[in-house]
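Quick note: the sequence shown uses numbering that gives the first Met the number 0, first residue 0, plus one each step.
FYI, nobody ran anything at the bench for these hints, they're computed from the structure.
Quick list of the computed label-pair ranges, beta carbon to beta carbon:
hint : residue 1 : residue 2 : range
1    : S183      : T233      : 19 to 27 Å
2    : D382      : A444      : 46 to 54 Å
3    : V436      : G385      : 45 to 53 Å
4    : T27       : R51       : 27 to 35 Å
5    : P107      : R524      : 25 to 33 Å
6    : A280      : T233      : 23 to 31 Å
7    : S551      : L327      : 47 to 55 Å
For glycine and all other residues, C-beta sits at the position ideal for the given N, C-alpha and C.
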Amino acid sequence: MNQRVDEHFLAQVRRRPDELAVVSGPTTMTYRQLADRATALAGGLAGLGVRRETLVGMAFDRSPDAVVAMLAIVLAGGAYVPVSPAFPERRIAELLDDSGVRLVLADPAGRVRIAAAAPGGVRVLGLADVPRKAGPVPPPAPPGRSPLAYVMYTSGSTGRPKGVLVEHAGIVRLVRDPDYAEFSTVDRFAQLSALEFDASTLEIWGALLNGARLCIVDNETAVVPWRLAEAVRTHGITVAWLTSALFNQLADEDPGMFAPLRCLLTGGDVLSPRHVELVRARHPGLALYNGYGPTENTTFTTVHRIDRRYDGPIPIGRPIRGTTVLVLDGERRPVSRGAVGELYAGGAGVARGYLGNDALTSERFVHIGGERYYRTGDRVHVDPDGVLHFHGRTDGQVKVRGHRIEIGEVTAALRAVPGVTDCHVRADHDGLVAYLVAPGATEQAVRTALAATLPHYTLPDRYVRLARLPLNRNGKVDAAALPLPDRTGAAQHTAAQHTAAQHTLAELWGDVLGVDPATIGPHDRFLEIGGNSITLGALLGRVHHRYGAELSFADAVAAPT
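When you get a sec, could you build the whole thing from the sequences and use the hints?
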């Protein structure tokens with residue numbers, strides 16, 4: 000089977016040159032137009048020294064230019080390294096330094112920020128700055144192995160992110176003739192994920208390697224229910240991927256919005272049977288899937304089609320084609336069927352390893368029976384039908400709103416904040432909770448310091464201040480003795496303090512945050528009492544339904560209380 004992403008794309012260009020490939024608002028590109036732009040840019044990149052497996056940074060929000068840049072890097076033989084222009088400058092500098100990229104393509108909005116954070120010697124160019132020229136693209140692949148396609152950074156336990164080296168073969172195995180779903184030229188894929196999140200691999204390449212249409216959805220539309228429903232209807236979207244947290248919000252807000260979809264994949268965290276059943280009951284013909292997999296195994300390892308009601312945990316399914324799995328004990332011996340063990344993933348989707356980190360690569364990527372496997376760190380069991388069920392982690396990783404986060408990275412960042420003498424971080428059902436011993440720092444000072452260091456999706460949602468951390472007899476933090484976080488503001492309020500308008504708004508806040516509206520005061524800040532981008536999107540949706548007001552994220556940030 001052809002394992003080259005670029006060759007599959009160019010084959011679609013030959014077959015469907017005048018069909019739409021990308022749609023974003025009023026901007027459209029046919030397959031021919033997309034290929035012409037990307038090929039000319041690829042020639043320019045080759046003239047700048049990009050060769051097979053040269054790493055090239057790309058800093059874009061979701062946009063047609065981002066797709067052109069990604070394609071051009073691959074057509075030139077390079078591998079793209081997504082870096083969010085919204086990351087803190089320190090994080091941007093870490094990623095660029097660790098990856099060793101010497102060239103970054105950026106959109107106009109992010110170019111100045113990326114350039115300010117980039118280490119010396121890194122060129123930051125807009126697409127218009129790269130000379131267009133024809134070139135010998137794509138170059139031949141290295142003999143005997145699949146070429147490198149991208150490096151995607153994930154959270155690292157030491158406090159520094161780690162770059163996962165993903166090959167062309169992993170992408171092809173994920174989206175070309177998959178056995179878990181059917182993708183075709185008539186499909187319209189929604190791009191709802193940021194480029195630095197590996198769900199974008201499924202969205203972008205799932206469309207372009209199948210001759211389908213990629214419909215790019217902007218950041219706010221992706222999390223505001225009524226706007227996303229409108230986008231789904233307008234574009235006629237048939238295939239979408241949603242994190243489980245966003246899926247739950249949308250199912251509660253407007254389960255009817257999924258009507259145009261043919262195929263809906265969700266996952267990234269444990270699914271809620273109630274929300275799944277809500278959508279299934281409303282749309283019995285919808286193909287609904289639970290997709291599971293780490294970045295190190297190219298987005299999906301297993302997929303489970305949800306075709307019946309589940310009152311308990313929903314399985315993560317069977318390995319997709321081109322993937323093998325083992326369930327092993329601590330001595331790497333197979334466990335009996337029904338017993339819980341660690342999941343090892345093998346096959347074409349397994350990444351090459353971690354960039355510049357041979358020790359961690361050797362620890363997590365192992366050879367068993369002559370085959371190479373990735374140790375997922377996830378505990379699973381196989382039922383009598385051969386279906387896998389998830390039982391949590393063996394280490395400090397957690398999934399929060401679809402992102403895999405190392406608790407150690409957040410803890411390390413907290414301990415580096417001046418005034419914090421001790422801390423503990425754990426995940427609860429809807430985010431991270433930070434327990435602080437910080438006599439010399441206010442909560443706002445801690446929040447500000449972390450926001451300057453960590454990407455937004457790793458920031459704790461709530462903080463609990465303690466005089467000291469409770470310890471057990473072994474000297475470790477006694478998790479059972481930690482108090483539950485207060486999901487309201489620091490001050491306690493009564494409903495009598497609200498004006499009539501405030502009372503209505505407090506009820507809307509309480510609905511999406513899951514708190515008593517009477518405890519929400521006029522000076523509480525939504526994002527500091529448990530709110531996040533997904534719940535803020537839900538709130539803006541409810542404000543729209545209640546008042547008819549079409550508010551943006553910028554409006555909410557300008558009026559946070």
